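Let the sequences and hints guide you as you build the complete structure.
Spelled out, the chains give:
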Amino acid sequence: MNSQITLNVTVNGDARRVGAGATVAGMLREIGIDPKRVAVERNLSIVPKSTLEEVPVEDGDQFEIVHFVGGG
Amino acid sequence: MSDESKDTWSVAGKTFTSRLIVGTGKYKSFEENAAAVEASGAEIVTVAVRRVNIADPNQPMLTDFIDPKKVVYLPNTAGCFTAEEAIRTLRLAREAGGWNLVKLEVLAEAKTLYPDMLETVRATELLAKEGFEVMVYCTDDPIMAKRCEDAGAVAVMPLGAPIGSGLGVQNRVTIRLIVENSKVPVLVDAGVGTASDAAIAMELGCDGVLMNTAIAEAKEPVTMARAMKLAVESGRLAYLSGRMQKRRYADPSSPLAGLI
Chain G
33 MNSQITLNVT
43 VNGDARRVGA
53 GATVAGMLRE
63 IGIDPKRVAV
73 ERNLSIVPKS
83 TLEEVPVEDG
93 DQFEIVHFVG
103 GG
Chain C
44 MSDESKDTWS
54 VAGKTFTSRL
64 IVGTGKYKSF
74 EENAAAVEAS
84 GAEIVTVAVR
94 RVNIADPNQP
104 MLTDFIDPKK
114 VVYLPNTAGC
124 FTAEEAIRTL
134 RLAREAGGWN
144 LVKLEVLAEA
154 KTLYPDMLET
164 VRATELLAKE
174 GFEVMVYCTD
184 DPIMAKRCED
194 AGAVAVMPLG
204 APIGSGLGVQ
214 NRVTIRLIVE
224 NSKVPVLVDA
234 GVGTASDAAI
244 AMELGCDGVL
254 MNTAIAEAKE
264 PVTMARAMKL
274 AVESGRLAYL
284 SGRMQKRRYA
294 DPSSPLAGLI
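Chains as they are written, first to last, in this note's numbering: chain G, 33 to 104; chain C, 44 to 303.
Treat the hints as calculated values from the structure; they're not laboratory data. Don't take each hint at face value.
As the list claims (entries may be wrong) - Cut-off 25 Å, straight-line C-alpha distance, at most; resulting in silico cross-link-like pairs (DSS-like, lysine-lysine):
| id | chain 1 | residue 1 | chain 2 | residue 2 |
| --- | --- | --- | --- | --- |
| 1 | G | K81 | C | K112 |
| 2 | C | K71 | C | K113 |
| 3 | C | K154 | C | K71 |
| 4 | C | K226 | C | K172 |
| 5 | C | K49 | G | K68 |
| 6 | G | K68 | C | K113 |
| 7 | G | K81 | C | K113 |
| 8 | G | K81 | C | K172 |
From a predicted model like this one, the values you see are computed outputs, not experimental measurements.
Below, the structure written as structure tokens:
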């Protein structure tokens, strides 16, 4: 894979560019998020925590990155 | 009930001593929230699932203040208006937390935040099939509560009054009927405004009470949390003790014999 190429993805509704070859965990760290503290949905499917380091980011991916906040 | 410490309740195979579940929304600060949870004695807190702020991912997090290893986090589906939205949210919650116990609420409209029971029952069934243990927010309708139970709910949580209204238990008759008809725990969820409301729910025989705004919007949330703890315990003890029969007229408490 050519690392010069960037992938266009959507993270929590915002457009983002990610270096080709990145894994989901790598993308999270680049954003500044500890992958252990969040849950990730990629194209409407859960990415299990155990696979975040392996799953590659692909062009056009839609991510939802969530965590627990106060609520009733 | 000679030994109060043995008065526990169980849901989804977990046993709890506290019958008060508190929310973690609307607090002025995480510190105040944590102090209120501590004062309430709650062993379960509800939490919402929301997007991480990508622009500022290092903001303080709820988990820094309320330790999910010490208090059970019960993820909710607040803000979901369809079964699909709720299921999507809870799949993420399960991944975030690593547990199956969740609170389902599928709302019908923003004005009343009244549950949409058709969607709620449908979602309960689907979630139960996926292995979730679902505590279900429902109307104070004995038939609908039963439908939820039949769909696989591990607890039913009828509203006392609309969410955040603080109006207290509006329909004692149907809450009592739900308690009598249910094989799963019954918790009044929503509508509690002050301590007596929580006591009433417990006197009706509920297994517990869930509240958020009544504590968070009190002038002094931490002392209100303690008031709610005591109210839930009082109501429970009164229920177990078996209240006196009501009479239409007076009945003197002092002996009539020996009157001078």
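Now for the hints, and whether the structure bears them out:
| no. | hint | verdict |
| --- | --- | --- |
| 1 | K81/G x K112/C | holds, 18 Å |
| 2 | K71/C x K113/C | holds, 22 Å |
| 3 | K154/C x K71/C | holds, 24 Å |
| 4 | K226/C x K172/C | holds, 19 Å |
| 5 | K49/C x K68/G | violated, 37 Å |
| 6 | K68/G x K113/C | holds, 19 Å |
| 7 | K81/G x K113/C | holds, 22 Å |
| 8 | K81/G x K172/C | holds, 22 Å |
Of the hints listed earlier, the one the structure fails to meet is number 5.
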